[in-house]
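Going line by line, the protein sequences match chains A and B.
Using my numbering, the first residue of the first sequence is number 1, and each one after it goes up by one.
Using my numbering, the first residue of the second sequence is number 320, and each one after it goes up by one.
Just to be clear, a hint being listed does not mean it is correct.
[Claimed, not checked] Pairs of lysine-lysine residues, derived as DSSO-like cross-links and limited to a Cα-Cα distance of at most 27 Å, are as follows:
id	chain 1	residue 1	chain 2	residue 2
1	A	278	B	558
2	A	220	B	577
3	B	577	B	558
4	B	553	A	278
5	B	577	A	316
6	A	278	A	316
7	B	337	B	553
8	B	558	A	220
9	A	278	B	337
10	B	558	A	285
11	B	577	A	17
12	B	516	B	400
13	B	466	B	369
14	B	500	B	369
15	B	553	A	285
16	A	16	A	45
17	B	500	B	400
18	A	285	A	220
19	B	577	A	278
20	A	17	A	45
21	B	517	B	400
22	B	558	A	316
[To be verified] According to the in silico footprint, chain A covers these stretches of chain B (three or more CB under 8 Å from chain A):
id	region
23	334–347
24	557–568
These aren't lab readings, by the way, just hints derived from the structure by calculation.
Every residue gets a Cβ at the ideal spot worked out from N, C-alpha and C, and that includes glycine.
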Amino acid sequence: MSEVLVLADHAGGEVKKVTHELLTAARRLGDPAAVVVGTSGAGEKVAASVNTSGAATVYAAESDEVDDYLVTPAVDVLAALVERTSPAAVLIPASVDGKEIAGRLAVRLGSGLLSEVVDLDSAGVASHSLFGGSYEATATVATGTPVISVLPGSVEVASAEGAAAVEAVEVPAQDAATAARVTARQPVEAGDRPELTEANVVVSGGRGVGSAESFAVVEKLADSLGAAVGASRAAVDSGYYPHQFQVGQTGKTVSPQLYLALGISGAIQHRAGMQTSKTIVAVNKDAEAPIFEIADFGVVGDLFQVAPQLTEEIGKRQG
Amino acid sequence: MNIVVLVKQVPDTWSERKLSGSDHTLDRASADAVLDEINERAVEEALLAKEAHGGEVTAVCMGPERANEAIRKALSMGADKAVHLQDEGLHGSDAVATARALAAAIGTVESVDLVVAGNESTDGRSGAVPAMLAELLGWAQLTHARKVTSDGSAVTVERETDAGVATVEANLPAVVSVTEKINEPRYPSFKGIMAAKKKPVSVLSLADAGIDAGAVGLANAGSQVVSSAPAPPKEAGQKVTDEGNGGVQVVEFLSGQKLV
Ligand SMILES: Cc1cc2nc3c(=O)[nH]c(=O)nc-3n(C[C@H](O)[C@H](O)[C@H](O)COP(=O)(O)OP(=O)(O)OC[C@H]3O[C@@H](n4cnc5c(N)ncnc54)[C@H](O)[C@@H]3O)c2cc1C
Ligand SMILES: Nc1ncnc2c1ncn2[C@@H]1O[C@H](COP(=O)(O)O)[C@@H](O)[C@H]1O
Chain A
1 MSEVLVLADH AGGEVKKVTH ELLTAARRLG DPAAVVVGTS GAGEKVAASV
51 NTSGAATVYA AESDEVDDYL VTPAVDVLAA LVERTSPAAV LIPASVDGKE
101 IAGRLAVRLG SGLLSEVVDL DSAGVASHSL FGGSYEATAT VATGTPVISV
151 LPGSVEVASA EGAAAVEAVE VPAQDAATAA RVTARQPVEA GDRPELTEAN
201 VVVSGGRGVG SAESFAVVEK LADSLGAAVG ASRAAVDSGY YPHQFQVGQT
251 GKTVSPQLYL ALGISGAIQH RAGMQTSKTI VAVNKDAEAP IFEIADFGVV
301 GDLFQVAPQL TEEIGKRQG
Chain B
320 MNIVVLVKQV PDTWSERKLS GSDHTLDRAS ADAVLDEINE RAVEEALLAK
370 EAHGGEVTAV CMGPERANEA IRKALSMGAD KAVHLQDEGL HGSDAVATAR
420 ALAAAIGTVE SVDLVVAGNE STDGRSGAVP AMLAELLGWA QLTHARKVTS
470 DGSAVTVERE TDAGVATVEA NLPAVVSVTE KINEPRYPSF KGIMAAKKKP
520 VSVLSLADAG IDAGAVGLAN AGSQVVSSAP APPKEAGQKV TDEGNGGVQV
570 VEFLSGQKLV
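Chain A extracted, bound-state conformation (with noise of 0.2 Å):
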């Protein structure tokens, strides 16, 4: 069988979740190989995470460089990798980095190109889901070797034994004439909470939340159920949340086991990001808000009382 490449999501070595769902997808169309672009030390640290995903191989493309500047360095790894291997594949997280990567990726070999993929199966058709979750469709790569970025979230992990095998491949130096160099960095703080794309369960807080200081109340009700934060584009616009967080037609897309929208009024750029999520429940003062027409439970009301009555209520279950 021949290999699929697995573009590593880490921080410093640190695996993120969707690493594992694209080595699970990867599974279905070869052998899976994990390609971890860092610094010193980072494939070793991926390899013990990624030997529970079936990854065969790990290639480790390591350089004090790669920080220092965006996109290209990957870009560099995985075109060299395919050239050798000819994989059946390039499997990358379609975050913001990984779109870009793929795309430029798929430019230089002359690639199809699959874009933000739900899934994918082992004829090699990917679903897509479009619009904002209002339109489904499949597709396949016509040309060259599929370069696929598949959206964090979709696919759900199953375990599989893999030697995990690391191999050291070389970083190209890069052109400091041309390329963007990266001078100064601001990491955002991870914090206790899973992350947006990642998480079982979503609390977002819209306008109704009336201010930066009133979000505490989404975070308490979220750090009940260990859930993530979420906020509209009115929150985040109007400053009681950082943009990181935004859900929506241009913010996260987020499809979580239960999505809990507290004073969001559901417009349809809103519903775009989160309208897949499995069960929404909504809290809102207005019971002709659009929310409604998508969420399995809606309470009409004021979340300044639900909420912390629903966070009380979860504190007494788990005791």
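Since the structure of chain A is already known, use the hints to place chain B with the ligands on it.
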């Protein structure tokens, strides 16, 4: 500083969007078409750069004839001229072919220093065209910018992603893409709307732009859509009015669903 701003006409996110049953391409007739909101921000950023450094702003758009409405909007906001790549042969082009075609169209504009694009379109959401253009042009990519500054020979951006904020620098020429938090786009003034009618728009065919017809369009796409259909609509469930025990009722519902 000569700036190209990439503008795309998309179905309005407020209207019902679908693919056409016959060839699974975007059904442009079914929805209202607008200049993608993110591209208004790209135009604004291009105009700010021109105001700081002089030069010209050229709007470049690939799309069917009616996309000239989107081009007019960019011109009425203040862009100086436009290139409209428009050819039947482009119908159904995938993201890779779109990037190639746009690179060719940009190549027809004289001495470009900076390309400004949106970070992601609301219809295709490939979120990769700007990066692909950087690959094709051999220029630096400074994407997902929430802030752009330039001294006329180099450009610096604050790139905002899940990982945090990175400061990124490169020499010009370069490709920049902007996020929706970067600015508030100006409204076209009446004067701007009148002036736009007289601004030059050069309409290019594939041959005009020097693009190989065998490299673009549905038949030559590197990926092929096999099937498409509307998703089954989500139905509304139970709705209660809070009478003091709304929170308890939610927990009862969640417990019934085995979610708590
Ligand atoms: C191109 C484009 C892209 C967009 N992308 C996004 C996106 O990614 N994400 C997104 O969210 N939006 C997006 N929008 C914006 C979208 O159209 C809406 O404006 C936005 O979602 C509204 O946010 P909201 O529901 O929080 O605010 P509102 O619509 O103002 O709703 C607030 C709700 O809170 C309720 N409320 C008020 N007080 C209380 C209370 N005490 N208790 C309970 N309920 C209360 C009100 O009844 C109301 O329904 C986009 C728009 C466009 C044009
Ligand atoms: N057909 C097009 N014409 C002009 N610009 C485009 C076109 N397609 C994409 N772009 C530009 O690339 C950005 C990102 O689009 P995408 O990669 O398709 O999500 C858009 O906001 C535009 O600036």
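- Message: For a quick check of understanding: which of the numbered hints are violated here, in increasing order?
- Response: none
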